[in-house]
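Asker: Please work from the sequences and hints to get the whole structure.
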Amino acid sequence: MIMHITLKVWRQKNQQDSGHFETYQLDNVNEDMSFLEMFDVLNDKLIREGKDPVAFDHDCREGICGMCSMYINGRPHGPLKGTTTCQLHMRHFKDGDTIVVEPWRAAAFPVIKDLVVDRSAFDRIMQAGGFISVNTGSAPDANTIPVEKDKADAAFAAAACIGCGACVAACKNSSAMLFVSAKIAQLALLPQGQPERKTRVLNMIAQMQKEGFGSCSNIGSCEAECPKEIPITFIAKANSEYLKAMLAADLPE
Amino acid sequence: MELDAKIPKGALEDKWKHYKDTVRLVSPANKRRLDVIIVGTGLAGASAAASLAELGYHVKVFCFQDSPRRAHSIAAQGGINAAKNYQNDGDSVFRLFYDTIKGGDYRSREANVYRLAEVSADIIDHCVALGVPFAREYGGLLANRSFGGVQVQRTFYAAGQTGQQLLLGAYSAMQRQVALGNVEVYARHEMLDLVIIDGKARGIIARNLVTGDLERHGAHAVLLASGGYGNVFYLSTNAMGSNVTASWKAHKRGAYFANPCFTQIHPTCIPVSGDYQSKLTLMSESLRNDGRVWVPKKKDDPRKPSEIPEDERDYFLERRYPAFGNLVPRDVASRAAKERCDAGYGVGPSKMAVYLDFRSAMHRYGQAEAHRLGIAHADEAQILELGKHIIREKYGNLFEMYERITGENPYETPMRIYPAVHYTMGGLWVDYELMTTIPGLYALGECNFSDHGANRLGASALMQGLADGFFVIPYTIGNYLADEIRTPKISTDHQAFAQAEREVRDRIERLMSIKGKETVDYYHRHLGKIMWDKCGMSRNAQGLKEAIGEIQALREEFWKNVRVPGDAYSLNPELEKAGRVADFLELAELICIDALHREESCGAHFREEYQTPDGEALRDDEHFAYVAAWEYHDGKQYTLHKEPLQFEVVHPTQRSYK
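Line order of the protein sequences matches chains A and R. Counted the way this note's numbering counts, the first sequence spans residues 247 to 499. Counted the way this note's numbering counts, the second sequence spans residues -17 to 640.
Simulated from the structure, these hints should not be mistaken for lab results. No residue lacks a Cβ here, since even glycine has one placed at the ideal position from N, Cα and C. Each hint should be verified, as a subset may be incorrect.
[What the hints assert, rightly or not] Here are some, though not all, of the chain A residues that point toward chain R, as calculated from beta-carbon distances under 7 Å:
(1) Leu272
(2) Asp286
(3) Leu288
(4) Ala385
[Stated by the list, open to error] Derived lysine-lysine pairs resembling DSS-like cross-links, with alpha carbons at most 30 Å apart:
(5) A:Lys291 x R:Lys559
(6) R:Lys66 x A:Lys395
(7) R:Lys13 x A:Lys297
(8) R:Lys370 x A:Lys254
(9) R:Lys640 x R:Lys618
(10) R:Lys511 x A:Lys297
(11) R:Lys497 x A:Lys291
(12) R:Lys499 x A:Lys254
(13) R:Lys624 x R:Lys182
(14) R:Lys(-3) x R:Lys13
(15) A:Lys259 x R:Lys13
(16) R:Lys511 x R:Lys471
(17) R:Lys559 x A:Lys259
(18) R:Lys511 x A:Lys291
(19) R:Lys370 x A:Lys397
[Said to hold, decoys possible] Covered, in the sense of this in silico footprint (three residues per stretch, anywhere, with C-beta under 8 Å from a C-beta of chain R), are these stretches of chain A:
(20) 431 to 437
(21) 484 to 493
Answerer: Here is the structure:
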């Protein structure tokens, strides 16, 4: 089916520009198109009209790289549960719809251009402690470290985070707790993560605060909007890790 | 130039050990003074960055994405092979080596492949230590499954997100080194040229994609880990940004390009739905563990799959290849699907698809579950429901992805699949040490040609990327850098940097100044169609000759009529694409030249003129048992250099999966 869609898209030349909405009409949207393919069609039209195409981040277009990041009708990645923008298809909209598209909005994610934002804060949080310190070549045989299946499954569920930042965009406080807690929980659940368990949580949380992300007030919109459906219980887990680490920071066990 | 692969002497199983025992070393004090540039942050690039920084080298890494964690290794689904023999099913280093050589249709180097098999087990150990959450059994030990072309279970996996979990492991190891000050990351940067001083790779010109500024970066050695060139076909399972530019610039500066026509078409992808299509999505090969591939026995059968009775279905892989069945290698499965569709048995609206059906597996798993749960007289519906649960546990995310894209529920109706471009076995020629024909320039992972011959087996790309980065380059790079310990920091004031920067700037200005009528995507789509039609799953001399002419004409038109909007000194994704498509337009011609010259069929390279009476690939070992390494001159001609392939242990035979 062919649909007519009106797009209101945030246009912003660069970080300094104040930005504004532009309205575009598309009358040849196919219901089997992905949302980003609709933007390809829009950009093709803009280029042919001699206008500047809309800049947006995207890469794998199969929902795993975490690069696409559109705030669609007030929801990160749009209306479909557990779905990134690149995997959202136009069959979930109606002919004649008006769709508002904005970038992620958070002080820690400054806009670079149009719908493209700078998420390097996430990399710096990872540098603060999102790893296990083991040098190449020194590992024991993999099966000498058994992991209980339920813990392994829970660690995997946490590790499914794609680092897209939808949790921050969804949160009224622009908190990054869902992203940060998923990594803390993954490594805290695994035996390999134990030696650095305390320093990791303290350092990652400290870096998160330094980057200007807000605090978590347990609203849960991050969980509702996360394209990988990372549960908010990981935030509870990270909070408990944080408390334990704070209380026992100076004590040997 | 004579190609010297520098394969160590001695018995196959002793070569790598002997190499490691005798290779020259660089002392810790000297490592601190040596700079290494790595382009690309996928499995090969991130693992190399981490391991070289751990050794003490100073590393700069570059990626075009906004974060190194987004590199396309992240999208690999099914798994990673390792010769652990945890399943007690007869696996060994030799068997993994043998399967890979045979899977590659005897067009890869024995010594490289044996080393790959040898280090495979270390990769699993290291990744588990890094916290990669592989799938596990109830006893807490690691789980395995099977992949194509193999009769043992040696594939380690993390649901359908194995690439993601491995990449995040390598990325986190690299981020640890960033925090320690040993690695500097340049995200949203693209390498646009290689700088050579006195015959050695000494740095790169990179464009800051946010500001448009050109930057000079010097180093004692340059590593390319920039991935494959599947996007030359426009539609592929690659990410939108995956490109050949870094490799191609190196090629134009003197690195030979090997076996470019070895391009892998993956059998199980979601079929094309319309002209606007921007990419194709893979459905992991692991699905062929449980999915059965079939088409109706009747041509143009209008019935729904559920209405076609069992005896009116043609399970053509099981029929043609009883020994391996649905788990034949990718090239074999792809061609068999194409054969059925071309003969008029295809399904779905486009008739260019075959079914991948999980009903038998659901039934089988459901019965086992009913037995386990002690349900005595389970009916068919109950059994299927129990089976669905198991299938969901194994492949849930893939089934969801299929439904999101197609709008159909694969638990109820079979998936429709068709082959699509997925991986490129060809790439920069490298020797045993992973060095290209330019001293000091290395190529790792998919961007080199070395380990997969004419066809890659499933779950071997992740293995190779991590082998190269974690376990090969940390040893081999020392052999080169041992001679560089007296070389001071590379100054970017050298005229070679100025010259390269000027050439990059001129090319960007030329692209911006054309101001033609057609978009970059228009040319990319057009190129993709030529390549898919005439240099895709099957090729012939006439088609290839036509393709070469058409590519030349398209390239000429591109440089006269492309329109790149915006300006060169800010974020401009169209300009980035234009540069990449311009390079694809050159590479495409070389792919066709290579395909035309190789007058045999092997692996993924299927020349219609060379096939057995039953339609299998017909190799010509007498004339073509060599690596074709092409030297660039001026874009008008390429010189062919041959590296003969010596098979000392495995004797090439007609590959059979029957």
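Asker: Per the coverage rule (Cβ-Cβ under 8 Å, at least three residues), is the stretch 484 to 493 of chain A covered by chain R?
Answerer: violated (count 0)
Asker: Between R:Lys511 and R:Lys471, is the straight-line Cα distance small enough, at 30 Å or below?
Answerer: Violated: R:Lys511 and R:Lys471 sit about 47 Å apart, past 30 Å.
Asker: Are R:Lys640 and R:Lys618 close enough, with their CA atoms no more than 30 Å apart?
Answerer: Distance of about 44 Å is beyond 30 Å: violated.
Asker: Need the status of pair R:Lys499, A:Lys254: alpha-carbon distance at most 30 Å?
Answerer: Distance ~26 Å between R:Lys499 and A:Lys254 Cα, so the pair holds.
Asker: Any CB of chain R closer than 7 Å to the CB of A:Asp286?
Answerer: holds, 6 Å
Asker: Confirm or reject the coverage of the stretch 431 to 437 of chain A by chain R under the rule of 3 or more residues with a beta carbon closer than 8 Å to the chain's beta carbons.
Answerer: holds (count 3)
Asker: Is it true that the CA of R:Lys(-3) sits at most 30 Å from the CA of R:Lys13?
Answerer: holds, 26 Å
Asker: Has the given pair, R:Lys624 with R:Lys182, been kept, meaning a C-alpha gap of at most 30 Å?
Answerer: holds, 23 Å
Asker: Would the hint linking R:Lys559 and A:Lys259 be met if the CA-CA limit is 30 Å?
Answerer: Holds: R:Lys559 and A:Lys259 sit about 19 Å apart, inside 30 Å.
Asker: Taking the closest Cβ pair, is A:Leu272 under 7 Å from chain R?
Answerer: Constraint on A:Leu272 not satisfied, violated at 11 Å.
Asker: Less than 7 Å between beta-carbons is the criterion; does A:Leu288 satisfy it with respect to chain R?
Answerer: violated, 11 Å
Asker: Need the status of pair R:Lys13, A:Lys297: alpha-carbon distance at most 30 Å?
Answerer: Measuring from Cα to Cα gives roughly 51 Å; hence the hint is violated.
When each numbered hint is compared with the structure, violations occur for hints 1, 3, 7, 8, 9, 15, 16 and 21.
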